[in-house]
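With chain S's structure known, arrange chain R on it following the hints.
As they're listed, the protein sequences go chains S and R.
Sequential numbering of the first sequence, starting at 1, is according to my numbering.
Sequential numbering of the second sequence, starting at 1, is according to my numbering.
No lab work stands behind these hints: they were computed from the structure.
Careful: at least some of the hints might be erroneous.
Copies of the same chain look alike in the list, so a pair counts if it works inside one copy or between any two.
[As the list claims (entries may be wrong)] Below, computed lysine-lysine pairings styled on DSS-like, alpha-carbon distance capped at 30 Å:
id	residue 1	residue 2
1	Lys146	Lys17
2	Lys183	Lys146
3	Lys12	Lys183
4	Lys183	Lys21
5	Lys183	Lys79
6	Lys183	Lys17
7	Lys57	Lys21
8	Lys146	Lys79
9	Lys17	Lys142
10	Lys142	Lys79
11	Lys12	Lys146
12	Lys57	Lys183
2 protein chains.
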Amino acid sequence: MLVLSSPSGAGKSTISKALLKSDADLTMSVSATTRPMRPGEVEGQDYYFIDQDTFEKMIQADEFLEHATVFENSYGTPKGPVEATLREGRDVLFDVDWQGTQELERNARNDLVSIFILPPSIEELERRLHGRAQDSEEVVRKRMSKATSEMSHWNEYDYIIVNEDVDISVARVEAILTAERLKRTRQSGMVDFVRAMGVSQ
Amino acid sequence: MLVLSSPSGAGKSTISKALLKSDADLTMSVSATTRPMRPGEVEGQDYYFIDQDTFEKMIQADEFLEHATVFENSYGTPKGPVEATLREGRDVLFDVDWQGTQELERNARNDLVSIFILPPSIEELERRLHGRAQDSEEVVRKRMSKATSEMSHWNEYDYIIVNEDVDISVARVEAILTAERLKRTRQSGMVDFVRAMGVSQ
Chain S
1 MLVLSSPSGA GKSTISKALL KSDADLTMSV SATTRPMRPG EVEGQDYYFI DQDTFEKMIQ
61 ADEFLEHATV FENSYGTPKG PVEATLREGR DVLFDVDWQG TQELERNARN DLVSIFILPP
121 SIEELERRLH GRAQDSEEVV RKRMSKATSE MSHWNEYDYI IVNEDVDISV ARVEAILTAE
181 RLKRTRQSGM VDFVRAMGVS Q
Chain R
1 MLVLSSPSGA GKSTISKALL KSDADLTMSV SATTRPMRPG EVEGQDYYFI DQDTFEKMIQ
61 ADEFLEHATV FENSYGTPKG PVEATLREGR DVLFDVDWQG TQELERNARN DLVSIFILPP
121 SIEELERRLH GRAQDSEEVV RKRMSKATSE MSHWNEYDYI IVNEDVDISV ARVEAILTAE
181 RLKRTRQSGM VDFVRAMGVS Q
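Isolated chain S, as found in the complex (with noise of 0.2 Å):
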């Protein structure tokens, strides 16, 4: 389970669907909400649309491994498409705040790798806040404010990523995979292989 977090504007989007397209292990998770369907959206692929009924006893059958009410929608990540991919041997890459991070930990049987990515500076921040939309300053402050405040979690994270330039850190981020697929203990296959070479423990 690889958790990316990072400020809005860092750069996050661009890194997960460059890792998705690159490494075949990985599937992205999708999360259930309760906010309507927009034009473009696919059921099952950008979420999965559900009603708020559904999701409340979603929530009381512990059918979520985190869940968050924002602006009055509600967001969960379902446990079962996680839990079958994960015994595929597949991983799963949760786009998710620092809230979503901490819950995903407390549930994660010590599986999660978590990533912080970071932008490069302040000033590179703001600009690609500002080059969104033709938004006001005052919606730019309050997205600034926002990023600030979600950047002051970086210290949660076991990884932290500078995103300066997005290839590199793509590249970083399949190092991460690629290094923690190989600790000893996540290769569980590991013990029956030493084995059958005659090694005794």
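What follows is chain R alone, placed relative to chain S:
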């Protein structure tokens, strides 16, 4: 501090040489030894060649990160050069066995990353140990016994690499180095970097 351990014949020397060539931030640790210099060896490059009396004094003065005596010759890793390299922000590669690894771990202030290299199969290991020279069956059998004894410590290491292909194994060690350098706990400059962006903790 990066430790590579493996049974003789698993390909560790080839991997180490390729790593040192490709990674400018990595330096090989040079051991001190009391064994005589062999033709072609260079003082301070292959080993620091010292006499038994000097070796004993260095033990007394706690100047070794680890040391051992093998077949009447003593070998040890002097602290001074390792600490100087680490202070420069460079990493140090150690080629030691499981006992050396354990001793390094006791002295390394959580800084150590340990990788165990396994051969792809016991048959391949035997083939490689045979291939070394025109040795008798008895000599090869002793080497195999020593190799399986060393391998029985595989589960004391952070990472395990099965060396099927040298290029892939080198890339894997490089990924581990990249990932370890991205760990939050190793990025000591990050506190100031984040503070400069106006992020409060």
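Evaluated hints:
no., hint, result
1, Lys146 <-> Lys17, "within (23 Å within a copy, 48 Å between copies)"
2, Lys183 <-> Lys146, "between (35 Å within a copy, 25 Å between copies)"
3, Lys12 <-> Lys183, "both (25 Å within a copy, 18 Å between copies)"
4, Lys183 <-> Lys21, "both (24 Å within a copy, 24 Å between copies)"
5, Lys183 <-> Lys79, "both (25 Å within a copy, 28 Å between copies)"
6, Lys183 <-> Lys17, "both (25 Å within a copy, 23 Å between copies)"
7, Lys57 <-> Lys21, "neither (34 Å within a copy, 58 Å between copies)"
8, Lys146 <-> Lys79, "within (28 Å within a copy, 47 Å between copies)"
9, Lys17 <-> Lys142, "within (27 Å within a copy, 52 Å between copies)"
10, Lys142 <-> Lys79, "neither (33 Å within a copy, 52 Å between copies)"
11, Lys12 <-> Lys146, "within (16 Å within a copy, 49 Å between copies)"
12, Lys57 <-> Lys183, "neither (38 Å within a copy, 39 Å between copies)"
The earlier numbered hints that this structure contradicts are 7, 10, 12.
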